[in-house]
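According to this note's numbering, the sequence shown is numbered sequentially starting from 3.
Take these hints with a grain of salt, some might be off.
Claimed, not checked - Below, simulated SDA-like cross-link-like pairs (lysine to any residue); rule was C-alpha separation at most 25 Å, straight line:
1. Lys34 <-> Ile121
2. Lys69 <-> Val22
3. Lys74 <-> Glu178
4. Lys34 <-> Glu117
5. Lys74 <-> Ile179
6. Lys135 <-> Met46
7. Lys74 <-> Val22
8. Lys108 <-> Ser47
9. Lys108 <-> Met49
10. Lys108 <-> Met46
Stated by the list, open to error - The following label-pair restraints were derived from C-beta to C-beta distances:
11. Thr114 <-> Thr173: 38 to 48 Å
12. Val184 <-> Ser43: 42 to 52 Å
13. Lys108 <-> Ser146: 50 to 60 Å
14. Ala148 <-> His42: 50 to 60 Å
15. Arg39 <-> Glu117: 18 to 28 Å
16. Val70 <-> Pro174: 48 to 58 Å
17. Val138 <-> Thr114: 53 to 63 Å
18. Ile159 <-> Ser27: 20 to 30 Å
Since the hints were made in silico from the structure, they are not lab data.
Heads up, the beta-carbon is just placed ideally off N, CA and C, and yes, glycines get one too.
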Amino acid sequence: MADKEELYLRQANPHRAWYVIHTYSGYENKVKANLERLMHSASMSDMLFNVVVPVEDEIEVRDGKEKVVPRKVFPGYVLVDMIVDEHSWYVVRNTTGVTGFVGSEKHPIPLTAEEAERILSGAAGSAPKRRAKVSVGDNVRIASGAFEDYAGKVMSIDSSGLRIQVDIEGTPIDVEINQVEVI
Numbered sequence: 003m004a005d006k007e008e009l010y011l012r013q014a015n016p017h018r019a020w021y022v023i024h025t026y027s028g029y030e031n032k033v034k035a036n037l038e039r040l041m042h043s044a045s046m047s048d049m050l051f052n053v054v055v056p057v058e059d060e061i062e063v064r065d066g067k068e069k070v071v072p073r074k075v076f077p078g079y080v081l082v083d084m085i086v087d088e089h090s091w092y093v094v095r096n097t098t099g100v101t102g103f104v105g106s107e108k109h110p111i112p113l114t115a116e117e118a119e120r121i122l123s124g125a126a127g128s129a130p131k132r133r134a135k136v137s138v139g140d141n142v143r144i145a146s147g148a149f150e151d152y153a154g155k156v157m158s159i160d161s162s163g164l165r166i167q168v169d170i171e172g173t174p175i176d177v178e179i180n181q182v183e184v185i
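All chains should be built: construct the whole structure from the sequences, respecting the hints.
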């Protein structure tokens, strides 16, 4: 993210920072396009520098076929590298699809350099994550790991993975979501 020129520009203007704006659901790319048009206009070229909709690639498995699909990391939010003053705040705030800045109504809170770096580097190119479309109650087959080729029913789903009821003494087992495929 921070090449030498950008680092120099940030040091030259300490008011420049990454801000998070909230958008209507599904309007993230429209807001990005509108803000990029503003970036290239004469009135905002020295206030708006970059607009990012953080996405990550996921491998989605449907009907036994793998497909790489971009997924928004923060649906409903867009990151803007800008200098906030009364005019730039007003212009961005009144862009079609924008509902507001993250922070107080009149005083948006910028991301720290570490937060911005973590978000932007994560969106920039990690390997695609595997994603299986499963729901509680679905019958699945475990495709990898110690319980490979066992079949069972999804009992629960949480951030750490799936709990599956299989026919091993009636004991549920925990597996990662990328280890199963829907039967």
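Just pull the numbers of the violated hints for me, sorted ascending. Hints 2, 6, 16, 17 not satisfied by this model.
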